[in-house]
Amino acid sequence: MDDLARLLAAHPFLDGLGRAHHAVLVGCTKNVRFQPGQFLLREGEEARTFYLLRAGRASLEVHVPGRGAVRVETVGAGDVLGLSWTRLDGADPSLPPRVHLDARALDPVVALALDGACLYRKMEADHELGYVLMKRLLALTYHRLERVRLQRLDVYKASP
Amino acid sequence: MTTPIPLFDPMVPAFARISRVDRELPDVFTWHLAAPSGAGFSFAPGQFNMLYAFGAGEVPISISGDPNRPEELVHTIRAVGAVTRAMQGLRKGDTIGVRGPFGSAWPLAEARDQDLLFVAGGLGVAPLRPAILHALAARSLYRRVIVLAGFRSPADFIFRKELERWRSRFDVTVEVTVDRADTSFRGTVAVVPALIAEVELDPAATVALLCGPEVMMRFAVRELERRGVPHERIHVSMERSMKCGVGFCGHCQYGPTFVCKDGPVYRFDRIERLFYVREI
Amino acid sequence: MVHPRPDINASVLLLRDGLASLLQHLRDDGYLVVGPTVRDGAIVHDQLRGIEDLPVGVGDEQAPGRYRLRRRADQALFGYAVGPQSHKREFFPPSIRLFQLRRGAGGPVLTPEPPIDRKLALIGVRSCELQAIAVQDRVFVGGHHVDADYASRRRGVFVVAVNCGEPSGTCFCASMGTGPRASGGFDLALTELLSGGPHRFVVEVGSAAGADLLARVEHAPASEADHAAASAVTAAATANMGRHMDTRDIKSLFYANQEHPRWAQVAERCLGCTNCTLVCPTCFCSTTVDTTDLAGATATRERRWDSCFTLDHSYVHGGSVRPSLRARYRQWLTHKLASWIDQYGTSGCVGCGRCITWCPVGIDITEEAAALRADVPVA
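Chains A, B and C are the protein sequences, given in the same order. Take 1222 as the starting number for the first sequence in our numbering and just add one per residue. Take 3 as the starting number for the second sequence in our numbering and just add one per residue. Take 99 as the starting number for the third sequence in our numbering and just add one per residue.
Bear in mind the hints are in silico, worked out from the structure with no lab data behind them. Mixed in with the good hints there might be a few duds.
[Claimed, not checked] In silico EDC-like cross-links for lysine to aspartate or glutamate, where the CA-CA straight-line distance does not exceed 20 Å:
#1 B/Lys263 with C/Asp235
#2 B/Lys94 with B/Asp29
#3 B/Lys94 with B/Glu26
#4 A/Lys1251 with A/Asp1224
#5 B/Lys263 with C/Asp440
#6 A/Lys1378 with B/Asp184
#7 A/Lys1378 with B/Glu26
#8 C/Lys349 with B/Glu274
#9 A/Lys1378 with B/Asp29
#10 C/Lys349 with C/Glu465
#11 A/Lys1378 with A/Glu1367
The model shown is predicted, which means the values in this text are computed figures rather than measured ones.
Throw the hints in and build the complete structure from the sequences for me.
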């Protein structure tokens, strides 16, 4: 238990959160490992897990019929993965939340896996915790959006 | 009225012979030129030359060679316009007109005993290469040396072998990323600013040197701000149209500055006022 | 015939014949004598054979987008304001060859252009023109690099200035502090007096060369009355300026207003024709043009006037940095009135009014600057 709390506190996403909040989150958390090639998340499956990556890199991919898997971004230690459990995507709340991207380990990956439903309950029960986490999730989403914008600009393309 | 008599005419080129051509990409090539004067061609990393192809015209190209090897002049060029396309057709033994070196330099002396962060985007790695080579040759002068480079795709790496060689050193951090890739690529897929967010450095003691498309530098500056790197420790290399290289032709004006003589390397806080003005 | 050699800074009196003789001496000394003359309905600069080539009895009318010559009631030689051409073309010609190249066995063989070897005398140079020359001197020979062609054209020029008595409707040198009285940069400065006596000129001596020349020309001491009449000429000119530019804090005014809606408004009128930059006596932008012969054996490189109003001016691979006329007009005027000060320690505008007169749609830069100021809250 102490170990997990320490690992949670050490992850940049939860850095600076109070000790009490870390303790609350421990109950939703387990330590997981993936071998290269293994999927952390798979598009279409029920979104159950929020990963805090501790080591190794994972690749976010979209499967395009005829093209195979297209690599959208790679993430690594310090990043987080899997936001669908937040139910912020506007999907029908009576249905289970779904994963929208494939996430595959590129290296041996070590991560903390937080149970999405558990986390969701804790955030609902303790709005202060919920608010702090939501702010971080929003910042994260914002940064990722910013990167996608830059990526979309295709700035290194030779001009005609 | 008296006017000073010039010692040399900065508008007249010297000629240098191409001693080697490296094909970097289908549209990018590197020239090695025997220095136009026997004494060698000394320059400061970050500076550029005006290169002239017989009858075709002249273009500003930054120097991408090793500052410790003045006997050789190195330029990495992308064939994008009429002049650079004509240049792509030239071979070993052909001659090129050279005027220069012109412009400001990367603040390498100022970066001594600091973390030295290079952020390159695409062909922007070329103007940074002399500074990187210097830092690697004089490694003990700096604390961390970090090279972050972004390219369009795994097929668009420039100086790939060299980046791999640098990366194999124990005293340098080299991170390379691409904007897009298929799953056969094992490296990082992300934009360069994402690398800035994660790299280990001491923000208050970092000197960051940025070179790449203006938009990429804007995003990179934002990420450096988040990391807490002060604006006066960020340096960017700007690009504008240039016809003369010495402040006469008026083309490269960037606000009150001339990119050819006040730039191309600017300390960010000094041009921040201009950086976000559109069409300036 | 030897006349007393006046002291530098002294003033003497010269009659019309004396001026004719002065020009003749310059010609005899091998000077190419260039000054104002009437051609194609405008006053332009050309070689003068004598004072009869000057615009005798010709005046002008100028307003935004308007220029007309008119017949004067008198025989004044300098009774008009500045025409479309400034003296910049003498030192910074519209087109010059930079060098020629020939393919040789051991590589290209370069033939540099020989330095310009001429003795040039400029006649009738207004104060605004002298100030404009001084501004261009800072650009081409005042910095780290020296423009060799400009330096060779500029060297040893003999200047006969004229203190302006006839500002036009578009002139505003008084508010720019650049005229109408010539304050320096001349060998001789004339003030033309048309009344209170014979047609005569009060001549101020600005250099030893000017004094030497006067010593060979019949002249008389200038009386107190002549001095007073000369002062009255420029005082009247100051009072008759057609336009006014408020230059207080003008640099910060422009820097603070790069997104002012006025830029979009003026861009709706501006045709991007480049006239203003061509007639401007300080605009110095140029481009290079490379050509080869058909066989590709020789190549030539030329330098030509360019204008920041063209799309090409800011072209970097992929496109123009200033695609909109709004940005191009803003670049021109901001440079002229504001960033020039940062670059060269002086305004790029000398108040000659040409850009107003020769703008086909009559855009008035004093009005544009005032419009920016009108919306600035008073601190």
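We went through each hint and held it up to the structure:
no., hint, in the structure
1, B/Lys263 with C/Asp235, "18 Å, holds"
2, B/Lys94 with B/Asp29, "17 Å, holds"
3, B/Lys94 with B/Glu26, "16 Å, holds"
4, A/Lys1251 with A/Asp1224, "10 Å, holds"
5, B/Lys263 with C/Asp440, "14 Å, holds"
6, A/Lys1378 with B/Asp184, "17 Å, holds"
7, A/Lys1378 with B/Glu26, "15 Å, holds"
8, C/Lys349 with B/Glu274, "17 Å, holds"
9, A/Lys1378 with B/Asp29, "11 Å, holds"
10, C/Lys349 with C/Glu465, "16 Å, holds"
11, A/Lys1378 with A/Glu1367, "19 Å, holds"
Against the hints set out earlier in the document, no violation occurs for any number.
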